[in-house]
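Since chain Z is already given, all that's left is putting chain S on it; use the hints.
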Amino acid sequence: MDAYTDKIKEISKKILSEGKVDVVIGFRKGTLGYMSEPYMAKSEKDAENLVFDCNCRMNLVNYVTNRKDKVGIVVKGCDSRNLVTHIIENKIKRDQLYIIGVPCTGLADKKALLDLAEGEITSVEDDNETITIKGDGFEKKVAKKDVLQSNCKTCIKRNPVIFDELAGAEVPELEITDRFADVDEVEKMSADERWNFFGELLSECTRCYACRNACPLCYCPTCFVDESRPQWVGKSDNDTDVLTYHFLRAFHDAGRCTDCGACEAACPMDIKMRYFTRKTIKDCVEKYGFETGMELEQRPALDQYKINDPNEFIK
Amino acid sequence: MSEFEPKIITFLCNWCSYGAADLAGVSRFQYPPSMRVIRVPCSGRVSPKMILSAFRKGADGVWVSGCHPGDCHYISGNYYARRKFDVLNEMIEYIGIEKGRLHFSWISSAEGVKFAAVAKDVIETVTKLGPAKKFIKKLPEVA
Chain Z
1 MDAYTDKIKE ISKKILSEGK VDVVIGFRKG TLGYMSEPYM AKSEKDAENL VFDCNCRMNL
61 VNYVTNRKDK VGIVVKGCDS RNLVTHIIEN KIKRDQLYII GVPCTGLADK KALLDLAEGE
121 ITSVEDDNET ITIKGDGFEK KVAKKDVLQS NCKTCIKRNP VIFDELAGAE VPELEITDRF
181 ADVDEVEKMS ADERWNFFGE LLSECTRCYA CRNACPLCYC PTCFVDESRP QWVGKSDNDT
241 DVLTYHFLRA FHDAGRCTDC GACEAACPMD IKMRYFTRKT IKDCVEKYGF ETGMELEQRP
301 ALDQYKINDP NEFIK
Chain S
1 MSEFEPKIIT FLCNWCSYGA ADLAGVSRFQ YPPSMRVIRV PCSGRVSPKM ILSAFRKGAD
61 GVWVSGCHPG DCHYISGNYY ARRKFDVLNE MIEYIGIEKG RLHFSWISSA EGVKFAAVAK
121 DVIETVTKLG PAKKFIKKLP EVA
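These protein sequence lines are chains Z and S, in that order.
Sequential numbering of the first sequence, starting at 1, is according to my numbering.
Sequential numbering of the second sequence, starting at 1, is according to my numbering.
In short, the hints are calculated from the structure, not lab data.
If you're wondering where the values come from, they're calculated on a predicted model, not measured in any experiment.
Ideal Cβ placement from N, Cα and C applies to all residues, glycine included.
Some hints could be false.
[Unchecked claim] In silico DSBU-like cross-links for lysine-lysine, where the CA-CA straight-line distance does not exceed 35 Å:
#, chain 1, residue 1, chain 2, residue 2
1, S, K120, S, K7
2, S, K138, Z, K235
3, S, K138, Z, K188
4, S, K7, Z, K315
5, Z, K282, S, K7
[To be verified] Restraint ranges, calculated between C-beta atoms of paired labels, are given here:
#, chain 1, residue 1, chain 2, residue 2, range
6, S, I136, Z, E139, 45 to 55 Å
7, S, H68, Z, Q231, 28 to 38 Å
8, Z, K42, S, P41, 45 to 55 Å
[Stated by the list, open to error] Far from chain S by the CB rule (all over 10 Å, computed), these chain Z residues:
#, residue
9, K14
10, I15
11, S123
12, T130
13, K134
14, G135
15, I162
16, G168
17, P172
18, S203
19, R207
20, D226
Bound-form chain Z, shown alone (with noise of 0.2 Å):
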């Protein structure tokens, strides 16, 4: 990981140099061992600060939306394809764009490294292969392949699709039997099991929008739960309110959405909202053999249509 850090670093400081973009939106290190922010570098000096590790759990395209300098940008696979939507839906220009992309072998669980820990984590590195944890008088390995996000184990695209230059060596894809046996799993019960999942499942949420806030789908200048004529959505913890609240995100997401997990990390109660969102993925794939982001042609799966699409729902 230290040799991506050192290529994002020397690119990022070339690029500045030479002016080809006002600044570059990357990771620095968090004040948590185990947590990376994101970081405006806007100099050369700035710079130094950037780094890529399996700690850089959020979405960058984030950060990029209706800006109007040129920009360059740190990207893992999944995020690259967020890009992709982005450029589609008119949010950034092309050639606003320098991609410096990151070929990604996974990001670490948070939760995981935290159940791993005996104490406070200072610090967390990463060879590709193995993850060292160290802290407060305790130091562990552990195979990365084990503390892997869920989403990363399931990850389709772990290369970026476009970008300008990248930090490493390619990877090699994954190959993946069964991308989406979670969901899979909710659909073989009954409806009243899956209505009490899904109730257990957002029983702690708070309502907090960060999993919103964290989406680089969700750019509406008013979010449909901020309108209040008419209101289509309560504010209150109710749980009706909750389950309409991340059915329509993730409706608002669907065919857009590359299953990158920042919501899920970005969540402070640990809810599993990707649940949500991997059914509409499944059902993109399925129905219109659609995979979000892989090329610019392509607009998102519920913006086009085919004459033949299935019709049996419909009577």
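Coordinates of chain S only, in the frame set by chain Z:
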């Protein structure tokens, strides 16, 4: 106890299905009176928000009807609607609302007979399921 009569919110597109409802009425076709019709310009206008809103406020069923594919007054509104409804329909079932509360149909303005038949079918299906219990927003009970 009197027999359960469901409340069904029906979204009809102005150009086809609303005309069909009109024709069914003018032709005196009989169907149960359990639905409340909302006229929309196109089935593509119907947003998931509206459908969820109906359920939240206690509708026992929702039925959306538009022009046949290829006949849309706005050329492609119902094609977009079809994709939207397909994903929505899956999601509604996925979260645990019973199959058969949400219905879709294509009915042209010449199909008064089909309108009455589908209306009967929708109302029967929802009546069998009984009153909706899920996804209704209840106000907190104050002692």
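Task: Assessment of proposed distance window 28 to 38 Å (beta carbons of H68(S), Q231(Z)) - done: At 34 Å between Cβs, range holds.
TODO: Against chain S, does I15(Z) hold up as non-interface, every C-beta pair farther apart than 10 Å?
DONE: holds, 40 Å
Task: Beyond 10 Å from each Cβ of chain S, as asserted for G168(Z) - done: The assertion about G168(Z) holds, with a minimum of 37 Å to chain S.
Open item on the list: Tell me if the straight-line CA distance from K138(S) to K188(Z) falls inside 35 Å.
Closed with: holds, 29 Å
Task: Cβ distance range 45 to 55 Å for I136(S) and E139(Z), holds or violated - done: Since the Cβ atoms of I136(S) and E139(Z) sit about 54 Å apart, the hinted range of 45 to 55 Å holds.
TODO: Report holds if the minimum CB distance from S123(Z) to chain S is greater than 10 Å, and violated otherwise.
DONE: The claim holds: S123(Z) sits with its nearest Cβ about 41 Å from chain S, beyond 10 Å.
Task: No chain S beta carbon within 10 Å of S203(Z)'s - done: holds, 14 Å
TODO: Please work out if K138(S) and K235(Z) have their alpha carbons no farther apart than 35 Å.
DONE: Judged against 35 Å, a Cα distance of about 14 Å means the pair holds.
Task: Cβ separation check - K14(Z) to all of chain S, threshold 10 Å - done: holds, 44 Å
- [ ] Take a quick look at P172(Z) and tell me if its Cβ sits farther than 10 Å from every Cβ on chain S, holds or violated.
- [x] Per Cβ check, P172(Z) is outside 10 Å of chain S; nearest 32 Å; holds.
Open item on the list: Given the hinted pair K282(Z) and K7(S), is their Cα-Cα distance within 35 Å?
Closed with: Between K282(Z) and K7(S) the Cα gap is close to 32 Å, so the pair holds against 35 Å.
TODO: Grab the minimum beta-carbon distance between I162(Z) and chain S and tell me whether it stays above 10 Å.
DONE: holds, 26 Å
The earlier numbered hints are all upheld by this structure, with none contradicted.
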